[in-house]
Amino acid sequence: MALYRKTIHELHQLLKSKQVSSEEITKSVFERIDQVEDKVKAFVTQTREIALAKAKEVDDKIARGEEIGPLAGIPVVIKDNMCTRGILTTCSSKMLHNFVPPYDATVVKKLADAGAVMIGKSNLDEFAMGSSTENSRFFPTRNPWDLERVPGGSSGGSAAAVAADETVYSLGSDTGGSIRQPASFCGVVGLKPTYGLVSRYGLVAFASSLDQIGPFSKDVTDAAIIMNTIAGHDPCDSTSVNYNVPDYTKSLVNDVRGIKIGIPKEYFVEGIQPDVRELIEDAIKKFESLGAVCEEMSLPHTEYALPVYYILAPAEASSNLARYDGVGYGYRDESADDIVSMYMKTRSEGFGAEVKRRIMLGTYALSSGYYDAYYLKALKVRTLIKQDFDRAFEKYDVILTPTSPSTAFKFGEKSDNPMEMYLSDICTIAVNLAGIPGISIPCGLSQGLPVGLQLIGKPLGEETLFRVAYTYEQNTDHHKAKPSL
Amino acid sequence: MLTKAQVEHVALLARLELTEEEKEMYASQLNDILNHVEALNKLDTTDIPPTAHVLPLRNVMREDKVCEHLPNEEALANAPAREDGYFKVPKIV
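Here the protein sequences line up with chains A and B, keeping their order. FYI, in numbering that gives the first Met the number 0 the residues of the first sequence are 0 to 484. FYI, in numbering that gives the first Met the number 0 the residues of the second sequence are 0 to 92.
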C-alpha cells in the first residue's frame with residue numbers, strides 16, 4: 000500500500016523499525032498531492048521545502064538512535080486560520096491575503112516540537128464562516144467522493160486533504176460544526192474537543208466562546224494520538240482548562256458493554272435524509288449487539304440551538320472582526336484620503352458576502368435597543384440548552400446522533416439561501432453552545448457518499464468518546480472506504 | 000422588520016460601505032434570519048441566568064515586569080503603510 004494511504008500509527012511503526020524514512024513518507028504525500036490536488040483544491044499554501052527539511056531532521060534523529068514520538072516525521076496540514084510563523088495565514092480572505100504571522104499558534108508549536116512535518120495550510124470558508132468551503136475568497140474545495148459536491152465547511156480543505164490522502168492528518172476548527180460536518184461529508188474522523196481543552200492561542204478568532212481546534216484523521220486511534228499532543232493547559236489562552244490530560248490511547252478499548260447511549264428524538268425529525276436515518280439506525284443496532292444500552296431520550300431545547308447560534312456567533316464575530324481596519328496588517332484600500340473612508344472601503348472590499356452578512360447581523364443584535372431582545376435572550380436560551388445536556392449526562396455516558404441530516408450537497412445548491420445553508424449544521428451546533436466534545440466517525444455510504452455518526456460526550460469526556468468510537472470502528476469497516484480519484 | 004434605513008445605520012456602525020444592491024440583499028436576508036430567531040420568544044426566560052461562556056472565567060494575571068517584546072521591525076512587518084517606525088494612516092484631523 001502506498002505510504003500516503005497509511006495512518007499515523009502505521010507510519011510510526013515503519014519509521015521506528017527504519018523500514019521507511021520521513022523523507023520517503025513526505026515525498027509520497029507530495030506525489031499524491033501532485034496527482035489529485037488539481038481536482039480537490041484543498042491547499043491554500045504548500046510548504047514543500049520546509050517540510051522536507053523537517054523530515055530530514057527527524058530522519059537524522061532516528062539515525063542517531065534517538066527515540067521519536069508518535070507524530071514525528073508524519074505529514075500534517077493546518078487549517079489556514081491558525082498562525083504559522085513566517086508562513087502565510089490567510090483565513091481564505093482577501094483581508095489577510097498577505098498576512099505573515101510573527102508567531103506560531105500554540106497547537107502549531109506543539110506539533111512542531113513533536114516533530115510533525117507541516118506540508119501546508121488548508122482552504123476554508125472565509126474566517127471559518129460557512130458550511131461548504133464555497134465562501135473561500137480564493138477557490139472552492141471539492142469533495143473527493145464526488146467533485147461536483149462540497150466537502151462541507153468551514154474546515155473543508157482539512158477534511159478533503161485527509162479523505163484524498165493528500166496528508167496523513169490535519170487540524171481544523173469547529174465553531175458550530177466546522178470539524179464534524181466536513182468529516183461527515185468526506186468520510187473521515189473529526190473531533191471537536193471540550194471547549195478549553197486545546198489552546199486557541201494563535202487561532203484567528205471567529206466566535207471566541209464557541210471556537211475550538213481539533214483533529215481530522217483516518218481512524219479513531221490517530222485522533223487519540225493527535226489529542227495526546229495538542230491538548231493541555233496553555234497560559235497564553237485565558238480560556239484554557241487547567242486539566243491533567245490523560246493518555247487518550249489508553250481509552251482505545253474494544254468494549255462498550257454497559258455503556259449507556261442516549262438517542263435524542265429531536266435529532267431524528269423531518270428533514271433527515273432516509274438513507275442517513277437508516278445508517279444511523281444500523282449503527283444503533285450495532286452498538287446494542289456489542290452490549291451497549293441504547294435508549295431514546297429528549298433534549299427538549301434542541302430546536303432553539305440554531306437561532307441561539309445565529310445571534311451569538313455573529314455577535315462575537317462582529318466584535319472580533321473589528322480589528323480588521325487596514326492599519327496593522329492585511330488588506331488596505333489605498334484610494335481613501337480620510338481615516339473613516341479607509342476603514343469602510345477596506346472592510347467592504349476585504350470581507351466577502353458571508354462575513355459581511357454575519358458582521359451586520361451581529362452588529363444589529365448588539366446595537367442599542369436590540370441587545371436584550373436578541374443577545375441577552377440568546378444567552379439565556381443557551382443556558383437551557385446546556386442544562387438539557389447536563390441532565391442527559393446524569394443518565395447517559397454518550398449521546399448518539401447523525402452528524403448532518405444529509406450527505407454532501409452540490410455546489411451552489413444552498414449558497415443563495417443563507418438560512419438553508421445554516422440548517423446543514425443543525426445536528427452539531429448545540430454541542431458548541433454547551434462546550435462539550437463531539438466526534439464524527441464514518442458509518443457507511445449513501446449512494447456513494449459518506450454518512451457521519453456523531454457521538455457527544457460529557458465535558459472532558461473524550462476518553463469515553465474514544466472508547467465508544469473505537470469499539471464501533473473495530474467492529475465495522477466503514478472507515479476503510481476510500482474515494483476513487 | 001429591518002428597514003433599508005436600519006441596514007444603512009448598522010453598516011455605518013460596522014464600518015461597512017454597502018452598495019444599493021447589497022443593502023436590499025442584506026435587508027431581505029437578515030429579516031429571514033431574524034424571523035427564524037423569533038422562535039426564541041416562545042420561551043419564558045425571565046428567571047434563567049445568561050450563559051456568555053461555558054467556563055467559569057477568571058482574569059489571567061502575570062507579574063508586572065518588563066519582558067521580551069516583538070521587535071519594532073517585526074511588529075510593523077505586516078503593516079500596509081509605515082513611516083519612521085510607525086504605522087501610517089490617512090489624516091485624522
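Source of the hints: derived by calculation from the structure; they are not laboratory data. Positions of the beta carbon are idealized from the N, C-alpha and C atoms, including for glycine. Misleading hints may appear alongside valid ones.
Unchecked claim - Pair ranges (Cβ atoms, derived):
#1 334(A) / 35(B): 52 to 58 Å
#2 479(A) / 43(B): 32 to 38 Å
#3 232(A) / 38(B): 53 to 59 Å
#4 96(A) / 81(B): 25 to 31 Å
#5 288(A) / 76(B): 34 to 40 Å
#6 415(A) / 2(B): 21 to 27 Å
#7 96(A) / 22(B): 41 to 47 Å
#8 375(A) / 2(B): 32 to 38 Å
#9 248(A) / 66(B): 54 to 60 Å
#10 35(B) / 138(A): 56 to 62 Å
#11 249(A) / 35(B): 39 to 45 Å
- Task: Could you see if the CB distance from residue 288(A) to residue 76(B) stays within 34 to 40 Å?
- Result: Since the Cβ atoms of residue 288(A) and residue 76(B) sit about 59 Å apart, the hinted range of 34 to 40 Å is violated.
- Task: May I ask you to test the hint 39 to 45 Å on the CB atoms belonging to residue 249(A) and residue 35(B)?
- Result: With Cβ atoms ~44 Å apart, the hint holds.
- Does 21 to 27 Å hold as the CB distance between residue 415(A) and residue 2(B), or does it fail? Holds, since residue 415(A) and residue 2(B) (Cβ atoms, about 23 Å apart) stay within the stated range.
- Item | Distance restraint hint 32 to 38 Å, applied to the beta-carbon atoms of residue 479(A) and residue 43(B) | Between residue 479(A) and residue 43(B), where Cβ atoms are some 50 Å apart, the hint is violated.
- Quick one: are residue 232(A) and residue 38(B) within 53 to 59 Å, going by C-beta? At roughly 38 Å between Cβ atoms, residue 38(B) and residue 232(A) fall outside 53 to 59 Å, so the hint is violated.
- Query: Quick one: are residue 35(B) and residue 138(A) within 56 to 62 Å, going by C-beta?
  - Reply: violated, 30 Å
- Message: Can you tell me whether the CB distance of residue 375(A) to residue 2(B) sits inside 32 to 38 Å?
- Response: violated, 23 Å
- Message: The hint says 54 to 60 Å between residue 248(A) and residue 66(B); measuring C-beta to C-beta, is that right?
- Response: violated, 37 Å
- Item | Range hint 52 to 58 Å (beta carbons of residue 334(A) and residue 35(B)) holds or violated | violated, 38 Å
- Message: I want to verify a distance hint. Is the separation of the beta carbons of residue 96(A) and residue 22(B) within 41 to 47 Å?
- Response: Violated, since residue 96(A) and residue 22(B) (Cβ atoms, about 26 Å apart) do not stay within the stated range.
- Query: Holds or violated: 25 to 31 Å for the Cβ distance of residue 96(A) and residue 81(B)?
  - Reply: The hint (25 to 31 Å, Cβ to Cβ) is violated, given that residue 96(A) and residue 81(B) are roughly 18 Å apart.
In terms of the numbered hints stated before, the structure departs from hints 1, 2, 3, 4, 5, 7, 8, 9, 10, listed from lowest to highest.
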